[in-house]
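Dock chain F against the given chain H, drawing on the hints supplied.
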Amino acid sequence: MNKFENYQLEDFVQDLFFRKWVLGKLSKENQFWENWLNKFPEKRTIVEEAKSLVVASQIVAIEIPKDIVEQGIHNILMNTSSPTYPMKKIKWLKMAAMIFLIMSVGVYVGNRINNWKKDLSKNYPAKPTETQNNGNQPLVLQLSDGSTVTLKKGSNLTIASDFGLKNRTVYLMGEAFFEVKKDSKHPFLVYAGGIVTKVLGTSFNIRAYKSEAKTLVAVRTGRVTVYQQKKIGSPNEAHPEQMLISPNQQIIFEKRIEKLVKTLVPRPILLNNNQNSKKISYDETPISKVLIELEQAYGVKIIFDNDLLAKCSLTAVFDESQSLYDKIGILCETIHARYEIMDGQIVIYATGCS
Amino acid sequence: MDIEEHKVKKENRYEKDNHLEIHTWQAFKSGDRIAFERLLNNYYPNLLNYGVRLVSNRDFAQDCLQDLFIDLWNRREHLNTPQSIPAYLATSYRRRLFQEKERSFWNKKVSNLEDDYEIEVQFNIESYLIHNEIEHETLLKLKHYLTTLTKRQREVLYLRFFQELEYDQISEIMSINQHSAINLVYEALKFLRKNWVMSICLSFLEMIK
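Chains as they are written, first to last, in this note's numbering: chain H, 1 to 354; chain F, 1001 to 1209.
No wet-lab data here; the hints were simulated from the structure. Any given hint might turn out to be false.
What the hints assert, rightly or not - Below 27 Å or equal to it, Euclidean Cα-Cα: the simulated DSS-like pairs (lysine-lysine) are: (1) K259(H) / K152(H); (2) K1029(F) / K255(H); (3) K1029(F) / K262(H).
Said to hold, decoys possible - Per the computed footprint, the stretches of chain F lying under chain H, defined by three or more beta-carbons under 8 Å from a beta-carbon of chain H, are: (4) 1025 to 1032; (5) 1040 to 1054; (6) 1059 to 1067; (7) 1146 to 1160.
Keep in mind the model is a prediction, meaning the values are calculated, not measured. Ideal Cβ placement from N, Cα and C applies to all residues, glycine included.
So here's chain H without its partners, still in its complex pose:
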């Protein structure tokens, strides 16, 4: 265990822990090297020598501006959320093949849409109403049942001609926020991007751009059922693969692999808005109590082992500036735990406290 005692100069210089200390990257509380030197004062000379070598052999940083890094990350995120491949890499031959492919797909899809429209008109003699938002602002639509739809720019909403007879059916291309009037006898159905979202009365957002690889459904209030469009029988039957999501949960449908994944929205909001401004301070509060409060405030299920956390407590102040993830992060750090988001729930993995 006398690893450092036997260290030669080079050993010190290449040691990451030693370098961190010399370059001031250790936390103030970490007094390891100071203590070690007090214990082995004869090592002072070699340590001083090593320190100067560390400084001399430090590598000069190449400055990469922060906005270049941020832009780079942003580009990757944009490029992976849609199936389009970055253009500059494609050589002309590939490009020609791509154009051919796109055109064939276009013709195919065009035919399908025509057929679909024909089917629609066959089934329902009255014409569906279509609204296209070509403006720059979101467009608020009032539906005949009292629901409102906020249609994002460039998006398109078609209201089925039989809207309100049995079901309240709409078709969405693009993105919209729905606030649906409660009517348990007439389910509200949104067909968008390969999936069907079925609700009775609630508010939620659907993002289903044709150009994007995914369709997203995020719930603000109430509960929403989602299933794949091609797998439905009658929309009012329970579908074996349907998923139920509640506030702050989100469904991601990957069009290519036709898979539904349940997760949490990137920024969960408090269910009760007037809680927003409230500061909550905890003083030696049992962790389980904090978790239950967070669970209720955000309506997100938090799974943890009550017995294991029995001795854990939290002293902290939470306010509106912190997201749910910040809060959970602070909490986990305090009790040396970690968390996972799984199936739209937060799972806390802890080892317990003494």
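Same frame as chain H, now just chain F:
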């Protein structure tokens, strides 16, 4: 006792970090965008720094890095979970940079591939010597030696001192064995030590403070 404590702490931390990273990786594989974003935020800046040093062309380095991450996203379900995520990413990135570079060489019908890559690594002492045009015999010798450091030595020192990686990770990235990686670092440091004039070194330290 202190040492033991330190070692245990260090190992625990390493394991904890690694565990979290592996978890993020698995979430990313299952299509979790938040996890993907976390990976980007954690690794993109350091990888880009490495890339810029390897090819000294920021746009090129950035393009390759973008392609790498897009590929990873598209192939995420088929990826294995690597033992070390930073080493895996750096290895893939390094390979891609050289492949792309080779391709662009061929496209331009330039066949000079002898000079297979460069690495821009400048040490503090070098920039100090260059900046202050110090004409001391010993330091001139040192300066000369520093310019004769091989690319591999520079890269190893960079990965160890700048990216703060473990030797097993470095050996994976550069596809050399672990002993060679350690040796490269020690050789360079031994030379520095031999040619060191403590007094000048100390005054140098005073000056840069």
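Just pull the numbers of the violated hints for me, sorted ascending. No hint contradicted; all consistent.
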